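Take a look at the letters that make up each chain.
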Amino acid sequence: MSWFGSGILTGLRITMRNMLRGPITVQYPHEKLEIPERARWAVEMKPDEDGNHKCTGCLACEKACPDFIIKIDVTTAEDRSKHIDRWHYELGACMMCGLCVEACPFDAIRMGHDYELARTDVAELQYDLLTDVAAAQPKRKAAAERPAGAERPAPVAAPEAAAAEAEVEPQKGGEQS
Amino acid sequence: MLPDATAIASLLERAGIVGAELSSEGGPGLVVRVERAQAGAVVQGLKDSDHAFVFLVDLFGIDTGEHVDIVYHLRSIARDEELFVKVAHEYGSDLASVWETHPAALMPERETAEMFGLTLSGHPNPKHLLLTSGSAPMLLKSVEIRTAEEVRNR
Amino acid sequence: MSDARDTVAHAGWLTADKPSLPDEIPLTLKRVPSGVDEVMTEHLVVNMGPQHPSTHGVLRILVELDGEEVIACESVVGYLHRGIEKLAEHRRYSAVGTLMDRGDYVSGIHNEMAFALAAEKVADIGVPRRANWLRVLMGELNRIASHLVWYGTMGLDTGAMGQFLYAVRDREDLLDILEDVTGQRMMFNYVRPGGVLNDLTPRAEKKIRAFLSTFDAYLDEHHALLGGNEIFQARTRGIGVIDKETAIAFGLTGANLRASGVSFDVRRDRPYAAYDEMDFDIPVAESGDIYARYLVRIEEMRQAARICRQCIDGLPEGEHTAKVAKVLRPPAGEAYAAVESPRGELGVHLVSDGTDRPYRMRYRPPALFGLQAAEAITPGTFLADAVAIFGSVDVVLGEIDR
Amino acid sequence: MNVYLVALLRILAALGLMLLNGVVLIYMLRKVLGYLHVRLGPMELGPHGVFQTLADVLKLLTKEDPTPTHVDRALYFLAPGIVFVPSLMAYAAIPFTGTWVIADLELGLLYTFAIMSLLPLGLVAAGWASANKWSLIGGMRSVAQQVSYEVPLLMAALPPVMIAGSLNLTDIARAQSAVWFWLPCLPAFLLFIVAGLVEANQTPFDMSEAESELVAGFATEYASMKFGLLFLSEFSNTFIFSSLLVTLFLGGWQVPFVPVDALGGWAAVVFLIKVYLVIFVLMWIRGTLPRVRIDQLLAMGWKVLLPASIVWVMLTGAAVKLWPMVFGGVQ
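For the protein sequence lines, the chains are H, C, R and B, in the order given.
Its first residue numbered 1, the first sequence is counted upward by one per residue in the numbering used here.
Its first residue numbered 1, the second sequence is counted upward by one per residue in the numbering used here.
Its first residue numbered 1, the third sequence is counted upward by one per residue in the numbering used here.
Its first residue numbered 1, the fourth sequence is counted upward by one per residue in the numbering used here.
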């Protein structure tokens, strides 16, 4: 570092060293990297063991979404059973924050791992995840299996209660349990 | 950190400021509330005092529902103290620039004025900063943005 | 044309907003006599940006040129304004983090942390020790990533190309780690009021250790490649000097302030998260030129790696988040919390009125103050210097425009 | 054979060489810069992307060519030609082997420099005619730098001329059968590299394009094949500068310890390998160094390079005259 030009030569040596290290490129359409377990991409339904959806139509995700892109049309029948007319999701405006998945008390949705989400038609950027299905009955088991520490397991008897709880939970301070 | 309230009070008294209210309850720190006409003098006085509040950390507004509070967040590097000066402004009133005391206020003042619908006086370049001219003062509570339903049905 | 105000009037700008021009020449636009006005030369007013290779996003700089010399300059911002402060008033506390990420998109963890700290202050929430350490760890990794971007673009601004790709190569490792832990590469949504979203994975821990074991050598290489280069030194030493008084007057913070000889670092002077348990040095330079800012940032990367090593070795056991209500309703009050983001003091001034949404959230953008200072010192330099000066104060338009 | 036919064939040969060279050099630049920057460069079209440049040429040829509203039309259309033609003409005097030269001119070196000094004319025309401020600054810069560096470049080329005693490029190359001139003329060699980098508009001194400052300099407003011509002539200038460097200082087509004309046609291959090695070094520099500032560049030209080259020319002159006196006519 003493004489003029040594820094330039050092720089040339460094670029040559890096050239000899070889490229780090991943040739994307031909090679693909592994996606981490926690990666968040488009929202999708998380089926149970039998392949059925677990959505109870409690609207917790709809309320949690900061972009207001989830719209669930639910009709309640006489016997208080619920019917999901459509579970509308707007991929084009989704920022994949994962708040809906965290809000779901029944572990019914998840952030998918498919990252090739480009569409050739704008209309395909909004679609229904569920259409015209009966809402699932809330299961205590599923609620208990949710990852520890995320939130308190939701002690819910009815989907309305879960929605109501998410809405009016009082805040008492730091040592809330 | 938190400056001594009595020292600041006597300091303001010596600088000829009357009617300053000091409080540190429920606020972000020691809050000095002064009259609108005195804002520039207070900021200048605090800078020239031996506490040397030479650093303007931030300048912004809060729409309280009755008026707009302009907050000058000041810091003294020498004594490591922080102070908030709050000045109540009527809606649509005039915000006097303090850029000669704190050049750091140049851009935040422009932003605050446009965001709260105030006019800016004494400023060398009183143009809009972030919004296009003609936009509503966005941060006033009376300016509505789209509700969730409107967003969903857009 | 006689002075800087004419620049603006010439470009047809001011008239739309304000019919009358201010009488006094602004301090920020001071005029430098050129000595060639008698021969009726005309100054050139050029628009650098919003689409220009070196304006770091959508910054527009109105430059008045006398030949190659900058006579006056004015920055025009707002092209990326999304109204984060207004939107935050309509989001629950848990969702504001997603907005903060999109402020300074190069260092999302710090933005989230600033808001989380402010919300915790207002709501009086205690944070578990492990969560604090995780915040520090992720924050410092993010700081390295952000400074690497700065290092790379600083080289691009001065015309070098190789080091940008090397910097991005190292940043890629960091983003992989952050993706592993948080789930996304830039919009993390990781630091929440009360703690952090996820704990460290074993895979991420292995990756962090691998990264830290090689990073110091790579950093030396980066520094030798750009900072050791005589051409780069000729371009940056003594150029764009911000002296101590100017730095304080214009509200500079972070590395820009420390490069001007003021030793103020939020991490040390207003400790948050677990920084009071960490052992690190604050680099301070005296000269205040571009090279000083460069050196301070390089040294900060080294210190950040040092903090990361302490974090990963001494990570305490425990919960990664406190038990926080699903819908946070802090009592009415006000709080100011600041973090040392890579660009400086990023503050969040939060006003709560007892509902589940913030009443007012003020986001103090450190890069805005850096931009003002750059605008003030640029007149009198050359066009190429102007590019380097605006690059050296590290402007990120997402943060300036919010 | 008909003398006109021969002349035409030679011109076509030069044109073909230039176009081929451009295609090869662009591909090479992308690959070399790619690997220097730990990436791959083009990979999709053909094995390792070798047809990428051809595809780009096709793209440039078929692209829409919009003309901005306020341009000076005549100059705007003429400027790429003014830039392109000299860099094509400069191929004429370059000796690929002892016999393969398009025109074996007695004043070959002078001719090449004279032709190359027309370049800034085209660049400033392009900058002026584009009616774009960035282009204007770029054009002005190119004139400033090329005019200031022509003198040091010529001065740095003089020592080989003085030793060889000829301005004919073939003769200069031949004169290096004993020792290549870079060794006895080391300072001139270095000066020539620096001045040549400026003249060829290469990276530490690519002021007139200066991407981070001037968007694309004089080429900002050009599209399609007009841009292609500007681009091509830039690569061609690089090639000519490298050829001159090889011819003046690196022994031309010769290989050490092999008699001058022993290689026959293969000598052209040797020459091209040498030229491409020099170009590789230029690209290596391009991938590494930051750009100097225009005032620093000009100051260096007038205050350092010019005096240094004059001093070295004087020293060489003295040495060339004194050598026979001392050693009795070895020369």
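These aren't lab readings, by the way, just hints derived from the structure by calculation.
Bear in mind the structure is a predicted one, so any value in this text is a computation, not a measurement.
Here a beta-carbon is modelled for each residue, glycine too, at the ideal position from N, C-alpha and C.
Heads up, a few of these hints could be off.
[To be verified] Simulated crosslink set (SDA-like; lysine to any residue; CA at most 20 Å straight-line):
{"id": "1", "chain 1": "H", "residue 1": "Lys63", "chain 2": "H", "residue 2": "Met45"}
{"id": "2", "chain 1": "H", "residue 1": "Lys82", "chain 2": "H", "residue 2": "Arg38"}
{"id": "3", "chain 1": "R", "residue 1": "Lys244", "chain 2": "C", "residue 2": "His51"}
{"id": "4", "chain 1": "H", "residue 1": "Lys63", "chain 2": "R", "residue 2": "Val262"}
{"id": "5", "chain 1": "C", "residue 1": "Lys141", "chain 2": "R", "residue 2": "Lys86"}
{"id": "6", "chain 1": "R", "residue 1": "Lys206", "chain 2": "H", "residue 2": "Glu34"}
{"id": "7", "chain 1": "H", "residue 1": "Lys54", "chain 2": "H", "residue 2": "Val26"}
{"id": "8", "chain 1": "R", "residue 1": "Lys323", "chain 2": "H", "residue 2": "Glu102"}
{"id": "9", "chain 1": "B", "residue 1": "Lys31", "chain 2": "H", "residue 2": "Lys63"}
{"id": "10", "chain 1": "B", "residue 1": "Lys31", "chain 2": "B", "residue 2": "Ala299"}
{"id": "11", "chain 1": "R", "residue 1": "Lys86", "chain 2": "C", "residue 2": "Ala136"}
{"id": "12", "chain 1": "C", "residue 1": "Lys47", "chain 2": "R", "residue 2": "Val262"}
{"id": "13", "chain 1": "H", "residue 1": "Lys71", "chain 2": "C", "residue 2": "Thr64"}
{"id": "14", "chain 1": "C", "residue 1": "Lys141", "chain 2": "R", "residue 2": "Arg357"}
{"id": "15", "chain 1": "C", "residue 1": "Lys86", "chain 2": "C", "residue 2": "Ala136"}
{"id": "16", "chain 1": "H", "residue 1": "Lys32", "chain 2": "R", "residue 2": "Arg169"}
{"id": "17", "chain 1": "R", "residue 1": "Lys86", "chain 2": "H", "residue 2": "Met95"}
{"id": "18", "chain 1": "R", "residue 1": "Lys206", "chain 2": "R", "residue 2": "Glu172"}
{"id": "19", "chain 1": "B", "residue 1": "Lys303", "chain 2": "R", "residue 2": "Ile312"}
{"id": "20", "chain 1": "B", "residue 1": "Lys133", "chain 2": "R", "residue 2": "Val45"}
{"id": "21", "chain 1": "R", "residue 1": "Lys207", "chain 2": "H", "residue 2": "Met95"}
{"id": "22", "chain 1": "B", "residue 1": "Lys59", "chain 2": "B", "residue 2": "Met43"}
{"id": "23", "chain 1": "H", "residue 1": "Lys32", "chain 2": "B", "residue 2": "Arg39"}
[To be verified] To give a feel for the contact side, a few chain R residues facing chain B, derived at Cβ under 8 Å:
{"id": "24", "residue": "Asn198"}
{"id": "25", "residue": "Leu315"}
{"id": "26", "residue": "Tyr359"}
{"id": "27", "residue": "Pro379"}
{"id": "28", "residue": "Leu383"}
List in ascending order the numbers of the hints, as given earlier, that are violated by the structure. Those not satisfied are hints 2, 4, 7, 9, 10, 13, 15, 19, 21, 24, 25, 26 and 27.
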